[in-house]
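The primary structure of each chain is shown beneath.
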Amino acid sequence: MTSTEATVANTLPEASNLSPSDPVPELTSRALGVALEMAIFVTLALVVYLVEYFVSGPVAAFGPSNFWIAFVVLAAWNGWTFAASHTVHGGALGHTIATVAGAPASSLTIAIRQLARFAVLYAIPFLALDANVVLALLIAALVGLYLWFAPDHRAPWDLLAGTRVTTGFPTATKIVLAEVHTAADLSLDTKRLADERRARRLLLGSGLFSVLASGLIVWAIFSEAAEFVLAEEFSWSVLTGIGWFPRRGVFDLSTLFVGTLWITGIAMMVAGPVGLGVAIYLSEYASPRVRRYLKPLVETLASIPSVVVGLFAISFISPNVLQPIFGDLGIFSLLAAGLGVGVLTVPIVASISEDAMRAVPQELREASYGLGSRKVTTALRVVFPAALSGISAAFIVGISRAIGETMVVFIAAGGSGGAIFETDPTQPGQAITAAMASLGAGTDSVAGSGIAFQSLYFLGALLFLITLVMNVVSDRIVRRFRQVY
Amino acid sequence: MALPRITVPVSIDLRRRRGADLKGQLFQTLLWLSLGLAVAMVSAVLWSVGADGWDVVRERLWSFLRSPSSATPDNAGVAQGIRGSIILAGIVGATFPLGIGAAVYLEELADDSRLTRLIQVTVRNLAGVPSIVYGLLGLAVFVKSMGGLTGGSSIISAGLTLGVLVFPVVVITASEAIRAVPQSIRDASYGLGATQWETIRHQVIPAALPGILTGVVLSIARALGEAAPLLVIGAAPFYSTGFNDFLEQLQGAFTALPMNVASFARLPADTWAGHAAAASLVLLVIIFAINLVAIVIRSRITKKLGR
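Line order of the protein sequences matches chains A and B. So in our numbering, spot 23 of the first sequence is number 23, and the numbers just go up one at a time. In short: position in the second sequence from 1, add 485, done, that's our numbering.
Bound conformation, chain A alone (with noise of 0.2 angstroms):
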């Protein structure tokens, strides 16, 4: 890099990226290097499809066969990139488009790089998937969030200087990473710091994998419920029947929610008392003998899976628990399901409130017992209030994890084929997680088209947003209310 390439800077990492020359404000330089990107990024999209267009004509424009292409497409412009910049001084194109955009060369080479490059890494994803206007968006947006957020790109010449590159347009060379410069940096071995420069850049693109995976699970779900939305069949009235009836379009949503409701509710009532009651001896009142015994037998119960317990419901809750109790029962109810479900969520609750109270300060406690209480004074007036905010948590935690045990309702409610609305938990019902399974399990549909079956992602839109919602509260219920000590 010659010295018309690089403005050097100050060596603070918190000093301002532009140096003394630079007219355009940060903000609108940020603002319209992302723009420029992402056009790129949807022009080479445009390209792809346009290519599988010609050969193949408009029916096949979209689908897999545009990964092979758009892989050897983008594996092109990226290496050309890579020679017109490591060779010629910026390259043609880089000269053109800089010159249009006031930007040094260089810069924008390396934009247009890396841009490449985040282009490989999402368009493979958006073509293989039978890209429509939604997920482009949605990728691009991804895309323009992440360039947004990263800060400077270190080339390892800069290190050697102790200087810092930049780039002109900020956003588009950083690469969010704290990076630990040592003595290894300085060293001209070039091998190990191109080693490091890859493993770095891994290791982000698995970090940035949890946000491709919630934008993943967020426009499969959310645009196939659109869809059913916007059907044909569909009026808000359909919302509203006498039951749960897919097969004959009656999609009555409260009586999936008053299944829902009744499971949740009988679940908490078993899971809440028992819960709380092992998390307290466990941190109260057990040695640490018993304690070694007990804890593994909390953690068999968290591992037994749901269909097992769902086996259990109809096979020993039923028939021994509940047909003593209530005579005219029949093998399915919301009762036994929301019992199986109950027998699920102890041990969640019992875990996280033991968690929670175990962090209480030991201080405490001996103060409480040096102004001459009992244990349970102690435990109820002192340890208790204390670790609220987890307990609370453990509570929400346990309902989210109720609201969406699907296998126990699923065997053991009876719901499948259809389910009148009902309030009666003796009687057969239907939740919300099960009404998924029947469908997608076909039990309830045709599997794979018509209204029926995106009626299934309606739900799980419904269902996705209600445990985000119970995420978002108890994260703010622990941050509001936790002590600090």
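Everything labelled a hint here was simulated from the structure, so no lab data went into it.
Within a straight-line C-alpha distance of at most 27 angstroms, the following computed DSSO-like cross-link-like pairs (lysine-lysine) qualify: (1) A:LYS295 x B:LYS788; (2) A:LYS295 x B:LYS789; (3) A:LYS375 x A:LYS295; (4) B:LYS508 x A:LYS375.
For each label pair, taking beta carbons as the anchor points, the in silico distance ranges come out as: (5) B:PRO582 x A:VAL478: 29 to 35 angstroms; (6) B:LYS508 x A:VAL473: 29 to 35 angstroms; (7) B:ILE670 x A:ARG289: 31 to 37 angstroms; (8) A:ALA359 x B:GLY535: 34 to 40 angstroms; (9) B:ARG551 x A:VAL478: 47 to 53 angstroms; (10) A:ARG358 x B:PRO582: 29 to 35 angstroms.
Quick look at which bits of chain B chain A covers, simulated, 3 or more residues with Cβ under 8 angstroms: (11) 509-522; (12) 611-625; (13) 649-663; (14) 741-751; (15) 771-778.
All C-beta atoms in this analysis are idealised placements derived from N, C-alpha and C, irrespective of residue type, glycine included.
Take the given structure of chain A and dock chain B to it, following the hints.
The following block gives chain B in isolation, referenced to the frame of chain A:
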């Protein structure tokens, strides 16, 4: 000089007569009751599954383990389910480097920026999403959109879906393991002239290995027990493999143990009495064996490292 008279308020507990600690005893009884209920639950589940499945196991354990699905109760078995579960475990295992890499990134390389916080919030939210929503994701992405690559409703799609399902769990447990590694180890490594990646690769990850391995093994156990995503992706309750070779089988119909349990459970109980329970027994034995492996790994490596 007379000492001033000081009155100290005495806690009400001290004024109580010794031996009349009713509230305490009552509370302790309640605790014992809830504890008893929890123990009863575990025992009831295990006993019920064991008792119901005992007949099938006693009479034909080996053939049960080796027979594929069948229409007649005496011939049906869980061989396809076991095979499917093993392949699923393999595919899920192949996705673990992604989760561990993400954990390494979050703990070692990420600065305290908005993007990092976004990633952490995202991982926490993903961990709380119900498994059936992951099934929907698998259906839309792996079965429908990537159908050409994965073969539609195949075991590859199911494995990838379960991989996404356990990804947040792996990230969270690996993060905790990496966080527990003392900073002094890293500093010493830098002092000896290693780069950041070399430190991570040769010092941090080996030091965090017990925790990471435990998390990995427990995640496999969790993934093996999931049935809801399999249902949505289209695990067939009963199918025949025909004469397809291995690669075609990977892209064709599939099943797994939890699916076997679920489909046996929905069959009429008079003729198919113990099959669901026997399949549950097989599943439980496998899961408990995996948990035991995790515990052994944890204690072995912890002892070896002297911690």
